[in-house]
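Enquirer: Please take these sequences and the hints and turn them into a complete structure.
Residue numbers for the sequence shown follow my numbering, beginning at 74 and rising by one.
Bear in mind the hints are in silico, worked out from the structure with no lab data behind them.
Don't be surprised by glycine CBs; every beta carbon is placed ideally from N, CA and C.
Hints may be right or wrong, so weigh each one.
Computed beta-carbon distance windows for the label pairs [unchecked claim]:
hint : residue 1 : residue 2 : range
1    : 175       : 98        : 35 to 41 angstroms
2    : 339       : 161       : 46 to 52 angstroms
3    : 162       : 115       : 20 to 26 angstroms
4    : 77        : 161       : 41 to 47 angstroms
5    : 282       : 261       : 21 to 27 angstroms
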Amino acid sequence: MTVTIRDVAQAAKVSQATAARALGDYGYVSAASRRRVTAVAERLGYVPNSVARALASGVTATIGLVVSDIENPFFAAAARGLSDVVEEAGHTVLLASSDEDLGRERDAVEALRVRRVDGLVVVPSSATPVPHLRAAAQAGPLVLLDRAVRGLGVDAVTVDNVAGARAATEHLLGHGYRTIGLVSDGPEISSSAERIRGYRDALTAAGVTPDERLVSIGGPTRDDGYGAALALLRRGDPPRALFTANNFMTLGAMRALRDLGLHLPGDVALVGFDDLEWTTLVDPPVSVVAQPATELGREAGRRILLRMAGEGGRPRRVRLPTGLIVRRSCGCDLDDPDGPEPARARRSGA
74 MTVTIRDVAQ AAKVSQATAA RALGDYGYVS AASRRRVTAV AERLGYVPNS VARALASGVT
134 ATIGLVVSDI ENPFFAAAAR GLSDVVEEAG HTVLLASSDE DLGRERDAVE ALRVRRVDGL
194 VVVPSSATPV PHLRAAAQAG PLVLLDRAVR GLGVDAVTVD NVAGARAATE HLLGHGYRTI
254 GLVSDGPEIS SSAERIRGYR DALTAAGVTP DERLVSIGGP TRDDGYGAAL ALLRRGDPPR
314 ALFTANNFMT LGAMRALRDL GLHLPGDVAL VGFDDLEWTT LVDPPVSVVA QPATELGREA
374 GRRILLRMAG EGGRPRRVRL PTGLIVRRSC GCDLDDPDGP EPARARRSGA
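Expert: Next up, the structure:
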């Protein structure tokens, strides 16, 4: 038989309201009554009704997290970082995935709000403010993760995408490549738009006019990356190097290279974005721009806890640094400290 708050109150000889306040840790209860109620609840095996307690206290001890793709290991790492921080503070994370679809994102945000989460962390599918995010920002604490939304007026925790993409492109330029293709998902996502900008900035700074025919835009999936890479590699004058703007684009591009019988780095050099474990297990290992996925989540966790506490000041855009990790997919001879040019660049004079 389920033990109710009424049973505890009767056994402790207090009112039901007093028992609820003592076990829900809200409102005034004398120290003696609190000890008595707690001891009786433990003896009877009382399990709190979290829904009822939330309605009474206005606090659910939950934080909603909406990621764009639950299968993407980058977001898994970010979710882990967020959970580590907020769970230590006594909160549970409720996770939903939007699949880069604004309709699904809206449904997820509204479902979490109905469940009265104390705060929301969202990976937004659009760089422009949409009604459900405006409503969420007005209703309670909201932090954006990995991407920003112009004009929304909330905290956003991202990396320096422009600098990361610029470093990748500069590395390829430094090896003599001039026809560098870009495989990216859509610029409606702020992180993608920033990486496209970094790629173009690096070319322009090196005196290379960006060629829009070398920019291939796919969608959010591995298959989209595959199709976007194929479109570049099947050109009559394909690029001799590729920069892929996220790990799904990198996977798609590598599959396209395999299907076309092309090899890294002899036929095409490659630098990707995201340092995941598999990038070191393939042959050759993939040169990447590494971003601190777990730390992104941790920082988002710290920001949402501050906002839930009514602290944090004005909305902030927190940008964490990226780092270029050079491996062999770009043609670097890592055994040679002088770093000779990649084989393809030497052969073609690219």
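Enquirer: Decide, hint by hint, whether the structure agrees.
Expert: Against the structure, the hints:
| no. | hint | verdict |
| --- | --- | --- |
| 1 | 175 / 98: 35 to 41 angstroms | 39 angstroms, holds |
| 2 | 339 / 161: 46 to 52 angstroms | 49 angstroms, holds |
| 3 | 162 / 115: 20 to 26 angstroms | 24 angstroms, holds |
| 4 | 77 / 161: 41 to 47 angstroms | 31 angstroms, violated |
| 5 | 282 / 261: 21 to 27 angstroms | 25 angstroms, holds |
Hint check: a violation occurs at hint 4 only; the rest are consistent with the structure.
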